[in-house]
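From first to last, the protein sequence lines stand for chains G and C. Under the numbering used here, the first residue of the first sequence carries the number 1, and numbering increases by one thereafter. Under the numbering used here, the first residue of the second sequence carries the number 1, and numbering increases by one thereafter.
Calculated directly from the structure, the hints in this document are not laboratory data. Small disclaimer: the values here were computed from a predicted structure and weren't measured. Mixed in with the good hints there might be a few duds.
[To be verified] No more than 25 Å apart at the CA atoms, straight line, and that leaves these computed lysine-lysine pairs for DSS-like:
(1) C:Lys303 / C:Lys253
(2) G:Lys62 / G:Lys203
(3) G:Lys203 / C:Lys38
(4) C:Lys38 / G:Lys87
(5) G:Lys144 / G:Lys173
(6) C:Lys302 / C:Lys253
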Amino acid sequence: MKLRATLAAALCMLIAACSSVSSGSKGAASVASVPPSDSVRGRVRVSFSEPFSPNVGPEAVKAFVPDVAANEADGECAIRPVPMGTKATSVVAYFPGRTMAVMTVSLVFDSANHLVQYSEARGVTGLRNVPAGASNIARDSMLKALHDATRTTHISMNYALGQGTARNYGGGKPDNAVLATVREIESLPVLGPVKDRLARVRKLCGV
Amino acid sequence: MTVSSRHFFLTLGLLATATLLSTRVSLAQGKEPLSQPKTVPIELVTALVGSGGVAGPESPRILVGSAPEWVMSKVVVPAGGHVVGAAFQGTTVLMIVNIPAAGDSVMPELRRALIEHGWKAVQAMPRLSVGGFMPPTPAANDATPTHLTVCGDGQILNATLSRRDEKSADVAYRIAAQGTMGPCHPPQMPTLPTRLPWPALTNPAGTTDARMTGECSATMMPASGIGTTLHTAMSSDSIIAFYGKQLADSGWKAETDRSVPVGRIYTRTDASGAPSELTLSVANTAHAESCREVYMQVRTMKKP
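Looking at chain G on its own, in the form it has when it is part of the complex (with noise of 0.2 Å):
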């Protein structure tokens, strides 16, 4: 179990290094200065998850029932280049808006435009009115009370692995996460399913 979870934990690090959208990671964050040259633009933003032990197989999956509805009503979009020095591009959907989502859906596109990772939040979707100059410390603490608050449901979904997680957290309530398949998780209907949400996201953001 211990191996599977550090496994776990392990894949959402590499996750959140590949994909640079922190949205909804329970824990420290730090961002790392990197020298600006020719080939590196910037600087790269380290995320990373508190560990967690999702439950595996066809059955854990077809059980796994999101604590926090999806709403996907009107919308609202931003485009970026990830910031990691490559042409990679995310696309981030917001739920009602930007000013006051409930829900975001983050796509990561390659350099050669492929997707390569999905991430939806549903209930915890980022910090708001933070005051100007708070340190990254300071940040942490207050992503950390909300998250506290705030139960979250988070569906992501890695391509270039294949492999996608879904989970419950925060909100004082124990976790409960699923480990899977791509096919799995983007099929599974108590999601939404996620194939669907995705499409209408592409169609919403013009991308």
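With chain G fixed as given, assemble chain C onto it according to the hints.
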């Protein structure tokens, strides 16, 4: 097992997992790649560049003949118009709509339609209200025959009309995130520590303080009180009525049984119960028929 050897085996495990799953990768990557048109019509390029483009470190996503769905749900396309295309970068979208037969009323009608669609008019910029005669409020610049600005929830929409020829025109819609300052977030005016004794009166639209422009030369210099000189075609009575409405709106009552040669007396009781008396008078200058000197004096009396 040592920590380092455990990490070694974990790394091996990860590599093995990735290799085993590589067959699934090709299946999963059947998703359509991020689309970007190989060619862009010159009309769209011209309109996008002419409208200022979208700023950002990377090239924007370009859509030909369409715009992102979330943008279409937020805007109104004038009757007969069609989407030429759009550029999308960050939180900014620039969309071009062509109207084959664009009349002069396109932008006012578009502004009205956008406000009906949920956008809000730009708030008037607040002015420091210190008292005395103040220049007229500048005309709102959020709507002209070729430009409009409206505010949404966290967003600002600017639309600009550019004529292609005598009939056809392009409307460039620019939707962007609102900044902390700007037309949708006018700055707050500071509160002054002391108040002047005179109420703030806004001068009639289209007038300037003619003493500054040299159009009129003032002859009536108040010993106490405050004055302004207007270059206007308004009659003295009209000027009194114009300022009188503002005074009435702020609680001053016209004394109908007391009059001054060319003017009027107003009274008001402040919060402490002390009565005040305001005298407003208008006089023609000796130099020009269209120059009017307006004078205001306020006296605060003891409580009865």
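Which hint numbers doesn't this structure obey? Those not satisfied come down to hint 2.
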